[in-house]
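Engineer: Modelling step: build the complete structure from the supplied sequences, incorporating the hints.
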Amino acid sequence: DSGVTQTPKHLITATGQRVTLRCSPRSGDLSVYWYQQSLDQGLQFLIQYYNGEERAKGNILERFSAQQFPDLHSELNLSSLELGDSALYFCASSVVGSSYEQYFGPGTRLTVT
Amino acid sequence: AQSVTQLGSHVSVSEGALVLLRCNYSSSVPPYLFWYVQYPNQGLQLLLKYTTGATLVKGINGFEAEFKKSETSFHLTKPSAHMSDAAEYFCAVSDVDSSYKLIFGSGTRLLVRP
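In order, the protein sequence lines correspond to chains H and Z.
Take this note's numbering: the final residue in the first sequence is number 113, and no numbers are missing along the way.
Take this note's numbering: the final residue in the second sequence is number 114, and no numbers are missing along the way.
Just so you know, these hints were derived from the structure itself, not from any lab.
Accuracy of the hints is not assured; some may be wrong.
Short, incomplete list of chain Z residues facing chain H, as computed with Cβ under 8 angstroms [as the list claims (entries may be wrong)]:
hint	residue
1	F34
2	Y39
3	Q42
4	G43
5	L46
6	K49
7	Y50
8	S99
9	K101
10	S106
11	G107
12	L110
13	L111
Note that the Cβ used here is the ideal one computed from N, Cα and C, for glycine as well.
Structural biologist: This is the structure we're talking about:
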């Protein structure tokens with residue numbers, strides 16, 4: 001158990017819908033990263049937050065957004081969902097957003113039908 | 001920009017045999033390198049990391065990796081494979097230029113034959 005929690009574990013929804021994925025980092029970790037894992041794209045970085053502020057963006061679609069709250073949990077919002085958004089979404093946390101290793105949550109499997 | 005190449009999408013070994021999973025990286029600055037393992041329907045678990053110092057790094061479950069700057073490699077090895085090692089393994093480099101996000105290789109699925 002990495003100490004990073006993600007909910008829900010599975011999510012099935014229809015095209016055009018909006019969903020919210022939630023992540024709670026390890027106790028004391030200020031930095032949260034979101035990654036997408038799909039068969040065709042592999043593991044890709046989406047976005048990072050550090051202590052409530054956006055730190056870096058990767059290949060994140062404009063339909064996707066995220067935020068980190070004062071209690072340090074983070075949410076990833078995916079809207080106008082398309083079939084191609086079906087993937088595993090991972091959250092990871094690290095101590096201070098530096099070279100320290102990232103600890104991954106169990107992921108949320110999103111299926112868009 | 002950093003990148004990672006993992007040679008071999010599938011590697012099959014017999015139980016008790018040497019495990020060797022290959023990883024080459026590209027980085028314009030001294031890299032921070034990681035190996036993660038993913039068991040079916042689970043998240044990624046850190047096996048080991050290299051940041052600075054000793055180039056031979058030992059990790060969990062008997063795995064180790066050696067950082068070779070001249071070869072830009074960070075291959076993962078284990079002397080004797082167990083059935084429980086069957087999983088997918090990802091090599092990653094940390095983007096030290098910004099955010100320290102992880103850039104992953106495409107992964108290698110390790111199959112262990114009885």
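Engineer: Does each hint fit the structure? Answer for all of them.
Structural biologist: Tested hints:
A hinted interface residue such as F34/Z counts as satisfied when its beta carbon comes closer than 8 angstroms to some beta carbon of chain H; here the least separation is about 6 angstroms, so the hint holds. Contact between Y39/Z and chain H, as hinted, is not supported at the beta carbon level, the nearest pair being about 11 angstroms apart and thus beyond 8 angstroms. Hint status for Q42/Z: holds, given a least beta-carbon distance of 6 angstroms to chain H, under 8 angstroms. Taking 8 angstroms as the C-beta contact cut-off toward chain H, the hint placing G43/Z at the interface holds, the least distance being around 4 angstroms.
Of the supplied interface hints, the one on L46/Z holds, with its beta-carbon coming within about 5 angstroms of a beta-carbon of chain H, less than 8 angstroms. The criterion of a C-beta within 8 angstroms of any C-beta in chain H is met by K49/Z, whose closest approach is roughly 5 angstroms, and the hint holds. For Y50/Z, the interface hint is violated, since its Cβ never comes within 8 angstroms of a Cβ in chain H; the closest pair sits about 10 angstroms apart. Interface restraint check: S99/Z against chain H, minimum CB-CB distance 3 angstroms, threshold 8 angstroms, status holds.
Of the supplied interface hints, the one on K101/Z holds, with its beta-carbon coming within about 4 angstroms of a beta-carbon of chain H, less than 8 angstroms. Among the interface hints, the one on S106/Z holds; its C-beta lies about 5 angstroms from the nearest C-beta in chain H, closer than the 8 angstroms criterion. Given the 8 angstroms rule on beta carbons, the hint for G107/Z holds: about 7 angstroms separates it from the nearest Cβ of chain H. Interface hint at L110/Z: violated, since its Cβ lies 17 angstroms from the closest Cβ of chain H, which is beyond the 8 angstroms cut-off.
Below 8 angstroms, beta-carbon pairs count as interface contacts, and L111/Z has none with chain H, the closest being about 18 angstroms; its hint is therefore violated.
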